[in-house]
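Top to bottom, those sequences are chains A and B.
Under this note's numbering, think of the first position of the first sequence as 237, with each following residue one higher.
Under this note's numbering, think of the first position of the second sequence as 205, with each following residue one higher.
Hints may contain errors.
Unchecked claim - So, partial list: chain A residues that the calculated Cβ filter (under 7 Å) puts toward chain B:
| id | residue |
| --- | --- |
| 1 | SER495 |
| 2 | LEU496 |
| 3 | GLY497 |
| 4 | ARG537 |
| 5 | LEU539 |
| 6 | ALA542 |
The set of hints was computed from the structure by calculation and includes no laboratory data.
Bear in mind the structure is a predicted one, so any value in this text is a computation, not a measurement.
Each residue gets a CB set at the ideal place from its N, CA and C atoms; glycine is no exception.
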Amino acid sequence: MTTTTRQSPVQTGLVPKKRRASGFPLLIAALAAAVVASTWLAVSIGAVHVALPQAWGIVADRLLPGFLTDGTPRTWTPVQEQIVWEFRLPRALLALLVGAGLAVVGAVLQALVRNPLADPFLLGISSGASFGAVLVLVLGASALGGLSLSAAAFAGSLLSLALVYTLAQRSGRLSPSRLVLAGVALAYLFQAAYSFVLQLAQSGRAAQQVLFWLMGSLGGARWHMLPLPAVVLAAGVTYLLLQHRPLNALAAGEETAVSLGVNVHRFRLTLFVLTSLLVGVLVATSGAIAFVGLIVPHAARLLVGADHRRVLPVSALLGAVFLQLVDIAARTVNAPQELALSIVTALFGVPFFLWLLRRRSVDRAVSVT
Amino acid sequence: MKLDLRGVSVTLDGHPIVHEADLRVDDGEFVALVGPNGCGKSTLLRSIYRALRPAAGLITVDGDDVHRLPARQAARRTAVLAQESPADLDFTVAEIVSMGRTPYKADAATDEELCARALERVGLTGAIERIFATLSGGEKQRVLLARALAQQTRLLLLDEPTSHLDIRHQLEILHLVRELGIATLAVLHDLNQAAAFCDRLYVMDAGHIVAGGPPDQVLTPDLICQVYGVRAVHRPQLVFERLKGE
Numbered sequence: 237m238t239t240t241t242r243q244s245p246v247q248t249g250l251v252p253k254k255r256r257a258s259g260f261p262l263l264i265a266a267l268a269a270a271v272v273a274s275t276w277l278a279v280s281i282g283a284v285h286v287a288l289p290q291a292w293g294i295v296a297d298r299l300l301p302g303f304l305t306d307g308t309p310r311t312w313t314p315v316q317e318q319i320v321w322e323f324r325l326p327r328a329l330l331a332l333l334v335g336a337g338l339a340v341v342g343a344v345l346q347a348l349v350r351n352p353l354a355d356p357f358l359l360g361i362s363s364g365a366s367f368g369a370v371l372v373l374v375l376g377a378s379a380l381g382g383l384s385l386s387a388a389a390f391a392g393s394l395l396s397l398a399l400v401y402t403l404a405q406r407s408g409r410l411s412p413s414r415l416v417l418a419g420v421a422l423a424y425l426f427q428a429a430y431s432f433v434l435q436l437a438q439s440g441r442a443a444q445q446v447l448f449w450l451m452g453s454l455g456g457a458r459w460h461m462l463p464l465p466a467v468v469l470a471a472g473v474t475y476l477l478l479q480h481r482p483l484n485a486l487a488a489g490e491e492t493a494v495s496l497g498v499n500v501h502r503f504r505l506t507l508f509v510l511t512s513l514l515v516g517v518l519v520a521t522s523g524a525i526a527f528v529g530l531i532v533p534h535a536a537r538l539l540v541g542a543d544h545r546r547v548l549p550v551s552a553l554l555g556a557v558f559l560q561l562v563d564i565a566a567r568t569v570n571a572p573q574e575l576a577l578s579i580v581t582a583l584f585g586v587p588f589f590l591w592l593l594r595r596r597s598v599d600r601a602v603s604v605t
Numbered sequence: 205m206k207l208d209l210r211g212v213s214v215t216l217d218g219h220p221i222v223h224e225a226d227l228r229v230d231d232g233e234f235v236a237l238v239g240p241n242g243c244g245k246s247t248l249l250r251s252i253y254r255a256l257r258p259a260a261g262l263i264t265v266d267g268d269d270v271h272r273l274p275a276r277q278a279a280r281r282t283a284v285l286a287q288e289s290p291a292d293l294d295f296t297v298a299e300i301v302s303m304g305r306t307p308y309k310a311d312a313a314t315d316e317e318l319c320a321r322a323l324e325r326v327g328l329t330g331a332i333e334r335i336f337a338t339l340s341g342g343e344k345q346r347v348l349l350a351r352a353l354a355q356q357t358r359l360l361l362l363d364e365p366t367s368h369l370d371i372r373h374q375l376e377i378l379h380l381v382r383e384l385g386i387a388t389l390a391v392l393h394d395l396n397q398a399a400a401f402c403d404r405l406y407v408m409d410a411g412h413i414v415a416g417g418p419p420d421q422v423l424t425p426d427l428i429c430q431v432y433g434v435r436a437v438h439r440p441q442l443v444f445e446r447l448k449g450e
């Protein structure tokens with residue numbers, strides 16, 4: 237079919253001038269550099285100042301002993317070394333993992349329920365995980381049959397997702413609007429449940445600590461906490477990247493995905509288990525951090541479009557950098573007091589999000605293919 | 205023989221919606237499915253593309269039971285233009301069309317070429333990088349048709365492909381489909397259009413297929429009165445056609 241006589245709206249419309257095929261690898265490289273730079277900064281900044289070259293030296297010395305020590309003298313004190321290696325580096329790495337994980341979960345959930353507002357909070361997953369975690373924190377692991385914090389958080393997030401999933405099911409179809417409504421309702425229910433447990437708790441001090449943790453904090457980060465979230469995140473992101481086409485199809489609609497040969501029931505169930513596992517593991521390490529899962533995927537889509545082959549890696553890197561900067565701010569703005577991370581993500585994230593919404597119609601920074 | 209339905213019954217939430225439907229679409233045929241709202245047309249269509257599993261009966265495409273085929277195999281045989289729009293996630297036209305390649309092993313060069321050809325076929329080559337949500341209704345349908353073409357199937361199912369389109373775009377999409385020469389089963393609302401475009405049509409009423417055959421034999425005033433409860437009368441009236449060269 238040719239449109240010769242009349243000019244179709246397509247020809248008058250927003251046809252991009254030229255394609256920038258190299259844009260995507262460049263963006264990934266830039267984000268990876270930002271991850272390194274922000275982490276370096278995070279390791280250096282704090283109550284005990286460690287200059288950037290020294291911070292670099294401490295980490296390099298630990299990672300490659302003997303490689304740098306031969307020629308270069310150690311210009312740092314043992315205290316500085318201990319602070320950087322024992323506390324700041326694990327904390328900075330955990331920030332990267334949690335930021336990346338929450339952003340990826342948000343991107344997946346938004347495709348899964350076909351709703352740009354979806355995030356672990358809206359669907360009640362975070363509250364479920366928090367409920368599980370609070371039970372362990374307040375009652376003690378022994379009261380729950382020795383369930384670890386991670387396991388309890390995962391159980392909570394899986395329970396809430398299973399409930400939301402069942403409630404949103406109608407004649408074999410999943411209604412996205414019912415999913416969101418059920419999620420919001422259950423989020424309130426779980427919040428009420430853990431608040432109740434907190435009120436019952438004897439020690440007001442413990443309750444306060446738990447409340448602070450619920451708003452998100454990386455303050456407890458130690459090396460031994462890193463392997464589990466790292467493995468779960470790596471496995472999850474690998475699986476999701478391999479499944480980027482079914483994810484795209486699912487975002488286009490349940491029936492469409494079926495007609496494109498996606499086994500929707502099985503795939504969706506896998507995604508639900510994967511996202512609750514990720515959220516459970518992350519909440520167990522850092523509490524419930526709001527907004528990352530909502531904002532970061534949108535920012536990623538504004539940069540690279542909706543194709544999950546690009547959205548997932550960009551979300552992960554962007555989320556990592558974002559949470560690293562947020563944690564630096566949380567530690568420094570009101571030092572020596574630390575702010576809860578959700579306060580900072582909201583203060584920085586919401587205006588940024590609103591600004592993004594305003595300029596939504598603007599061309600993407602990186603074009604397709 | 206492409207598509208063959210034998211005694212297909214479908215129930216939704218325990219309510220029988222389709223009763224023992226027999227239907228057939230041959231190679232290269234354009235077959236319409238018409239009937240009043242709620243008669244079960246879309247439900248029947250959904251059971252063919254596996255969104256619903258029939259309670260009884262057999263649905264075969266190229267001789268194989270579609271509900272026993274692996275999901276991807278089935279999707280390589282049947283493409284659908286359903287009444288569903290993508291989530292508000294700003295997919296581009298290129299991204300939507302390349303979804304048609306989901307049932308196949310990824311191969312960037314082949315996929316890109318097939319998508320480009322599909323877009324050319326529907327006359328939207330220039331729109332490849334536009335955001336799907338910003339397109340007009342007619343353009344959207346053509347993009348979804350391009351996605352179905354990229355899926356490279358020999359059977360195409362359409363669920364009211366012309367709803368929400370003005371008369372010019374209705375004709376445009378129907379001509380496009382007609383010219384593809386792919387076996388097509390289309391749920392249509394406009395009886396005049398169905399009669400003008402299809403080789404054969406089936407009429408459904410309250411879950412039963414009550415008639416089937418060439419339009420001039422099936423769409424009798426008696427049947428229309430029985431099914432729709434309206435009187436069909438011959439009157440001289442305007443007939444709409446596309447301009448030559450379009």
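The hints, checked one at a time:
1. For the restraint placing SER495 (chain A) at the interface with chain B, the shortest Cβ-Cβ distance is roughly 4 Å, inside the 7 Å limit, so the hint holds.
2. With a least beta-carbon distance of about 4 Å to chain B, the hint placing LEU496 (chain A) at the interface is held under the 7 Å criterion.
3. Contact between GLY497 (chain A) and chain B, as hinted, is supported at the beta carbon level, the nearest pair being about 3 Å apart and thus within 7 Å.
4. Checking ARG537 (chain A) against chain B: minimum C-beta separation of about 6 Å stays under 7 Å; hint holds.
5. Given the 7 Å rule on beta carbons, the hint for LEU539 (chain A) is violated: about 11 Å separates it from the nearest Cβ of chain B.
6. Satisfaction of the interface hint for ALA542 (chain A) is found here, the shortest Cβ-Cβ separation to chain B being roughly 4 Å, below the 7 Å cut-off.
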